[in-house]
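A.B. asks: Order-wise, the sequence lines are chains A and B.
Under my numbering, think of the first position of the first sequence as 599, with each following residue one higher.
Under my numbering, think of the first position of the second sequence as 1271, with each following residue one higher.
Hints should not be assumed to be uniformly reliable.
Claimed, not checked - Lysine-lysine pairs mimicking DSSO-like chemistry, simulated, CA-CA at most 30 Å apart:
id, chain 1, residue 1, chain 2, residue 2
1, A, K905, A, K772
2, A, K915, B, K1500
3, A, K905, B, K1485
4, A, K772, A, K899
5, A, K905, B, K1604
6, B, K1315, B, K1440
7, B, K1604, B, K1614
8, B, K1500, A, K905
9, B, K1440, B, K1426
10, B, K1485, A, K899
11, B, K1426, A, K875
12, A, K771, A, K899
13, B, K1477, B, K1500
14, B, K1485, A, K915
15, A, K915, A, K772
16, A, K915, B, K1604
17, B, K1500, A, K899
Calculated directly from the structure, the hints in this document are not laboratory data.
Since the model is a prediction, treat every value here as computed from it, not as a measurement.
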Amino acid sequence: MWTTIEQIFPYAIMFTIPLLITALGGLFSERSGVVNIGLEGLMVMGSFVGALTISKLQEAWPHHTVQAIWIGLLVALAAGIVFSLLHAFASVHLSANQVISGTAINMIAGAITVFLSRNITGSGNIRLMNGFQPFDVPLLSDIPIIGPLVFTKTYWTTWMILAVVLISAWVLKKTPFGLRLRSCGEYPQAAEAAGVNVRRMRYIGVMISGAFASLGGAILLVTIAGEFTGTVAGLGFLSLAALIFGQWRPLGILAATLFFGFASTVANVSQVIPALKHIPPIILSLFPFVVTLIALVIFSKSSQAPKAAGEVFDSGKR
Amino acid sequence: MRNLIISLCAVLFGLIGGAVLMAVTGHDPIEGYKFLFQGGLKNSKRLGDTLATGTPLVFTGLSVAFAFRTGLFNIGAAGQMLFGGFCATIIGLNIDTARPLLLLMMIVAAMLGGAVWAFIPGLLKARFNVHEVVSTIMMNWIAYWTIYYVVPAYLKAESVETESRLLPDKATLKSTFLSDMFGGSYINMGLYIAVVAVIVIAFIINKTTLGYELKAVGYNRHSAEYAGIKVSRSIITSMLISGALAGLGGMAQFAGNGANIQIGVLPTQGYDGIAVALLGANSPIGVLISALFFGLLYSGRGFMNAMTDIPPEIADSIIAIIIYFAATSVLMDKWITRIVNRRKASAGAGTGGPVSGKESA
Chain A
599 MWTTIEQIFP YAIMFTIPLL ITALGGLFSE RSGVVNIGLE GLMVMGSFVG ALTISKLQEA
659 WPHHTVQAIW IGLLVALAAG IVFSLLHAFA SVHLSANQVI SGTAINMIAG AITVFLSRNI
719 TGSGNIRLMN GFQPFDVPLL SDIPIIGPLV FTKTYWTTWM ILAVVLISAW VLKKTPFGLR
779 LRSCGEYPQA AEAAGVNVRR MRYIGVMISG AFASLGGAIL LVTIAGEFTG TVAGLGFLSL
839 AALIFGQWRP LGILAATLFF GFASTVANVS QVIPALKHIP PIILSLFPFV VTLIALVIFS
899 KSSQAPKAAG EVFDSGKR
Chain B
1271 MRNLIISLCA VLFGLIGGAV LMAVTGHDPI EGYKFLFQGG LKNSKRLGDT LATGTPLVFT
1331 GLSVAFAFRT GLFNIGAAGQ MLFGGFCATI IGLNIDTARP LLLLMMIVAA MLGGAVWAFI
1391 PGLLKARFNV HEVVSTIMMN WIAYWTIYYV VPAYLKAESV ETESRLLPDK ATLKSTFLSD
1451 MFGGSYINMG LYIAVVAVIV IAFIINKTTL GYELKAVGYN RHSAEYAGIK VSRSIITSML
1511 ISGALAGLGG MAQFAGNGAN IQIGVLPTQG YDGIAVALLG ANSPIGVLIS ALFFGLLYSG
1571 RGFMNAMTDI PPEIADSIIA IIIYFAATSV LMDKWITRIV NRRKASAGAG TGGPVSGKES
1631 A
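Looking at chain A on its own, in the form it has when it is part of the complex (with noise of 0.2 Å):
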């Protein structure tokens, strides 16, 4: 039992990584007012043009592979950064509905990222020729019990991520930035009263989600992935539901991301692992979404959901 849950604990990080990062972009658009249901398309354009800028580096400098990684992840993040302006226009500039312009932002992705991918290589995917080997951090690694848990087969990405995770938590909670961010989602009028230029916030959160989701879709490229395919298989929505789950704060998107990594891996692994064999895998699939309703009602009459969310933002209303 000891060694299986050895064995699930690396993958299942390696799982929750990308969700987490994503996650905590659609925190940050979210917080400043704007939903964000273009996660999705968002990540898939990290996936592709991660890919891209990747594998061409890889040919180039067969002997540098792993700086090519980590260009790839930059040039991921800035793409991120301007498709996200598509759905900031939109949704601020133009007041347009925020799930329509989201649902949008998905269509766009999934279908000219494959269009370009089959122009430029021929076919709809793009194979990178190695990605991020997993590592085990030397001393921690030995440590009893946490070491083989938490600090082996692991990335660098997932300790930067965290890192992240932790200055995002103190930035929206301390900082002047994060108070101006977060007035901006609950009461824009009384934010730009005070001041704020809501437009602006609201702008600079759509920025933030774009660059984060992109760079969880260009993260899990490198690291489970290996290939961009044109789909990220659902992890955007799976990441806005772990951000409702974890009821819009930072440490609860870390809880919520890591419980849907363990349930996914549990379910990937299930036919390898003898005491999880009499389960049927139906019901492992399942779990997560499930699970997740279920978390939607017990915390809706709780909801701390961005009072204006979704809201278009009007200067003129009280």
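Guided by the hints, dock chain B onto chain A, whose structure is given.
C.D. replies: Leaving out everything else, chain B in the frame of chain A:
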């Protein structure tokens, strides 16, 4: 009228966007569009295929549009379609009876399956105020995984693991009469059902108390409640009808255009339904027209891909761009208002009176 202009502008921008995409990737847009439209319309067979491709989209578009009228964003048409189609497939594979009765049973099963799948988000919304966008997405994945395991376990084809057995001919919507009329196209009786659905839904929305109540809830939930309309019941009813429509779409897809159900896919028609509804301005007739237009893009792309080296995803890209412009129609609305005002002003200045200005508006 204004909705029509906005939709046409969105289509125009979408086509321009597609042309730009083709041009920047080094293809000839005019040739691309020529083959795209030829591929959908060239002869009666291609025309029939276009109609058939559009048929499931009519249902999912109606489904999304109907929910929209009540202020609900049903993003779960894919799951409802999958589950409705699955229920119809179970009946079709396991029951042996006279064809009309069998088809009727399948239609009822498809509607019930879709309705059940939409009922849960409707109930959660009405009772617990759970946002239907997230709950319908979860229901999509629950449908996906249910089909993923149940089809291979109980309905598996002999050789292929990833799809169900083929439905016998009498359990499909295939019609030799229609097919022969359209030169051997795979057009089928799903189209009849789609036209009936459009008429019925138009009737419900425009002529019945139920439709009036649903629209009232959509415009303003609180004032509807104040006026004595049972909001919770309206939400659930709306989702049930919406789900039943999507379920019929599943039947049109799996027992009409195809003859079995596959695992491992969420039918794209579910998400395209959002696009269809949006472009059709949520009106049943608009949905019918926009679904057939999307059907044209989808059925023509294969021919275009065969004749040129433009990737078939151009069709999806055009649709996605259309949706972005439909979503940001506020911009066009402003333009139209500005143009109308300017015309009014210039007409007023030309003839010296506001009367003629009114005419041009």
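A.B. asks: Between K1485(B) and K915(A), does the CA-CA distance stay at or below 30 Å?
C.D. replies: holds (25 Å)
A.B. asks: For the pair supplied as a hint, K915(A) and K772(A), confirm whether the alpha-carbon distance does not exceed 30 Å.
C.D. replies: holds (28 Å)
A.B. asks: Given the hinted pair K1426(B) and K875(A), is their Cα-Cα distance within 30 Å?
C.D. replies: Roughly 22 Å between the alpha carbons, so the hint for K1426(B) and K875(A) holds.
A.B. asks: Do the alpha carbons of K915(A) and K1500(B) lie within 30 Å of each other, as the hint requires?
C.D. replies: Between K915(A) and K1500(B) the Cα gap is close to 29 Å, so the pair holds against 30 Å.
A.B. asks: Are the Cα atoms of K915(A) and K1604(B) separated by 30 Å or less?
C.D. replies: Status holds; Cα separation ~21 Å.
A.B. asks: Is K905(A) within 30 Å of K772(A), Cα to Cα?
C.D. replies: holds (20 Å)
A.B. asks: Take a quick look at whether K1604(B) and K1614(B) sit within 30 Å of each other, Cα to Cα.
C.D. replies: holds (15 Å)
A.B. asks: Between K771(A) and K899(A), is the straight-line Cα distance small enough, at 30 Å or below?
C.D. replies: Judged against 30 Å, a Cα distance of about 24 Å means the pair holds.
A.B. asks: Does the structure keep K1500(B) and K899(A) at a Cα separation of 30 Å or less?
C.D. replies: Holds, at roughly 21 Å.
A.B. asks: Straight-line Cα separation of K905(A) and K1604(B) no greater than 30 Å?
C.D. replies: holds (28 Å)
A.B. asks: Taking only the CA atoms, is the gap from K1485(B) to K899(A) under or equal to 30 Å?
C.D. replies: holds (27 Å)
A.B. asks: Is K772(A) close enough to K899(A), meaning Cα to Cα at most 30 Å?
C.D. replies: holds (27 Å)
Hint violations for this structure: none, all hints satisfied.
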